[in-house]
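Throw the hints in and build the complete structure from the sequences for me.
The residues making up each chain are set out below.
Number of protein chains: 2
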Amino acid sequence: MKYAVGVDLGGTGIKIALFTAEGEIVKSSEIKTRVEDGGKHILPDIANEIRSLLAEAGLSSEQILGVGVGVPGPVVDGRTVLSCVNLGWGETDVASYIEGELGLNCKIGNDANVAALGEAWKGASRDTHSSVMITIGTGIGGGVIIGGEIVTGFLGGGGEIGHAPIHPEVEGRVCGCGKVNCLELFASAPNVAANYLAVTGKEMSCEEIFNAAKAGEEAASKVVDDMQQLLGKACAFIGCVVNPEVFVIGGGVSQAGTFLTGKIQEYYDHYIFPSIKGARIILAELGNDAGVYGAAKLALDEWS
Amino acid sequence: MKYAVGVDLGGTGIKIALFTAEGEIVKSSEIKTRVEDGGKHILPDIANEIRSLLAEAGLSSEQILGVGVGVPGPVVDGRTVLSCVNLGWGETDVASYIEGELGLNCKIGNDANVAALGEAWKGASRDTHSSVMITIGTGIGGGVIIGGEIVTGFLGGGGEIGHAPIHPEVEGRVCGCGKVNCLELFASAPNVAANYLAVTGKEMSCEEIFNAAKAGEEAASKVVDDMQQLLGKACAFIGCVVNPEVFVIGGGVSQAGTFLTGKIQEYYDHYIFPSIKGARIILAELGNDAGVYGAAKLALDEWS
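In the order they appear, the protein sequences are chains A and B. Mapped onto the numbering used here, the consecutive letters of the first sequence carry residue numbers 123 to 426. Mapped onto the numbering used here, the consecutive letters of the second sequence carry residue numbers 123 to 426.
Since the hints were derived computationally from the structure, they do not count as laboratory data. Some hints could be false.
Since the list gives no way to pick out one identical chain from another, each pair is judged satisfied if it fits inside one copy or across any two copies.
Unchecked claim - Simulated crosslink set (DSBU-like; lysine-lysine; CA at most 30 Å straight-line):
id, residue 1, residue 2
1, Lys162, Lys336
2, Lys301, Lys344
3, Lys336, Lys399
4, Lys385, Lys301
5, Lys399, Lys162
6, Lys162, Lys385
Set out below in structure tokens:
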């Protein structure tokens with residue numbers, strides 16, 4: 123029997139899971155991301171944790187088809203991440219390290235792209251023609267999957283939907299990337315809170331604002347509706363570029379469920395070019411595991 | 123020696139060209155599109171013209187790898203166009219007709235998508251990782267090419283960039299598609315003229331407005347600049363979805379040359395997510411032949 127390893131490398135934690143080639147999780151673990159010292163402990167920690175996991179499962183290297191890794195930065199060639207600000211990394215050849223250290227095949231991808239691949243493999247967008255995942259949390263990430271494959275882009279920017287310039291400039295509001303029109307700047311969790319603060323003068327978390335909106339509170343409803351309109355319009359724009367069968371909404375804010383997605387769907391249907399109306403806006407299904415699923419699939423697509 | 127036939131079916135004319143498998147045009151012709159009687163003469167006309175072309179070139183069916191056809195409507199499966207308003211067509215199985223009539227393999231695609239494929243094969247975007255073509259004329263069409271292939275989309279909407287909802291609504295301005303935020307509604311040739319009329323009260327063609335802008339006329343410069351800004355912003359949005367290596371600008375308005383594309387590039391560079399800055403905005407090279415090139419390539423990719 124053959125297996126693959128999926129690694130989801132985040133700014134605070136690293137998830138590692140051992141998969142059968144069919145996509146069942148056999149064993150998994152999570153370790154802390156040690157970002158100190160320029161992040162130099164991270165790759166050795168991952169290698170050690172993979173060794174332990176294989177030992178616990180009683181597997182030899184020969185039984186592992188490959189290791190896939192989702193990393194929080196742009197990836198162009200499947201091997202090197204150009205930078206990971208959260209990890210203190212500059213350009214880092216993750217695949218060569220893992221291959222050299224463990225003697226296993228390794229392929230890497232951008233974390234949001236890889237999560238989209240995970241959902242397309244075993245989650246909400248399985249068996250679809252094409253999908254775009256939008257992950258809404260502290261920021262907005264995304265991934266475009268066509269024909270079962272990640273659209274990486276020329277410079278690793280495929281699915282960087284959070285930085286799509288969609289909103290008119292608002293005085294004093296600047297995105298972490300330095301730009302002023304980003305989707306993320308108005309529709310991510312902290313920015314929903316900022317929108318609410320700007321209107322009401324009250325500090326509430328995005329989750330609290332969604333709960334208030336569910337309860338019918340006027341200002342919260344307006345702020346949530348504005349966010350849904352912007353997301354629906356962004357999806358309609360994306361629809362005119364790659365026209366996916368489904369949009370998968372994930373990330374912490376997707377806990378709001380169909381209260382979130384229902385209105386995004388309405389705005390999508392309103393804004394989309396009528397000839398191609400028909401895509402569905404659905405909720406992600408794999409939660410925090412989307413990354414390890416997608417990472418394992420990256421490896422399986424390459425070596426199985 | 124093997125050949126392919128490329129057909130570009132437009133609302134007023136039909137271009138047909140016979141290509142070598144390497145992409146040299148051996149013979150070509152153009153006939154009028156007879157849209158009368160619900161467009162029922164169009165396919166027989168195409169079949170007859172292909173027969174004549176092969177006879178003139180002294181070629182037998184066995185030497186033809188296939189026929190590719192670009193059609194002005196959405197295509198999902200490579201065979202059937204869902205509707206062609208300009209031709210009076212409802213759903214039409216073009217491939218089966220050509221195959222039945224001529225005994226040749228046939229594959230079809232949306233005309234703007236096919237033109238993008240032509241530019242990626244032998245034109246401005248040859249040898250690129252990925253490209254998005256934007257054709258600016260009476261309307262705005264487009265095509266997305268990744269890994270040498272057209273991104274068709276689930277419902278044939280890949281590259282329908284003219285209908286991307288990007289502009290804020292303007293009272294009284296409605297796109298042919300019924301929507302009010304379309305890129306095309308503000309940046310196509312007739313809409314540039316409408317923008318100029320709205321500002322100055324003067325009727326000028328898009329070409330005249332570009333000439334006035336080149337000569338430094340203030341209102342024309344402003345209208346052209348607004349259009350370039352909108353196009354640059356649209357390209358930056360597309361960059362955050364598929365991140366192509368190049369954007370190819372074609373269509374009648376691209377006659378304005380780098381006077382058009384230079385400013386689109388500036389606005390693109392201004393709006394694009396800084397981490398993925400680097401795409402080039404370039405002029406199409408194949409002019410009205412892009413369609414026949416791309417159509418022939420469709421067939422060659424399938425049967426050579």
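Q. Quick one: lysine 162 to lysine 336, C-alpha cut-off 30 Å, is that within a copy, between copies, both, or neither?
A. neither (45 Å within a copy, 55 Å between copies)
**Q.** Within, between, both or neither: lysine 301, lysine 344 at alpha-carbon 30 Å
**A.** both (25 Å within a copy, 24 Å between copies)
Q. Can you tell me if lysine 336 and lysine 399 fall within 30 Å by alpha carbon in one copy, between copies, both or neither?
A. Result: close within a single copy only, 28 Å intra versus 40 Å inter.
Q | Alpha-carbon proximity between lysine 162 and lysine 385, which holds within one copy, between copies, both or neither at 30 Å | A | So lysine 162 and lysine 385 fail the 30 Å test inside a copy (44 Å) and across (43 Å) alike.
Q: Please work out whether the CA atoms of lysine 385 and lysine 301 approach to 30 Å or closer within one copy, between two copies, in both situations, or in neither?
A: both (27 Å within a copy, 19 Å between copies)
Q. For lysine 399 vs lysine 162, is the C-alpha pair at or below 30 Å within one copy, between two copies, both, or neither?
A. between (48 Å within a copy, 28 Å between copies)
Of the hints listed earlier, those the structure fails to meet are numbers 1 and 6, in rising order.
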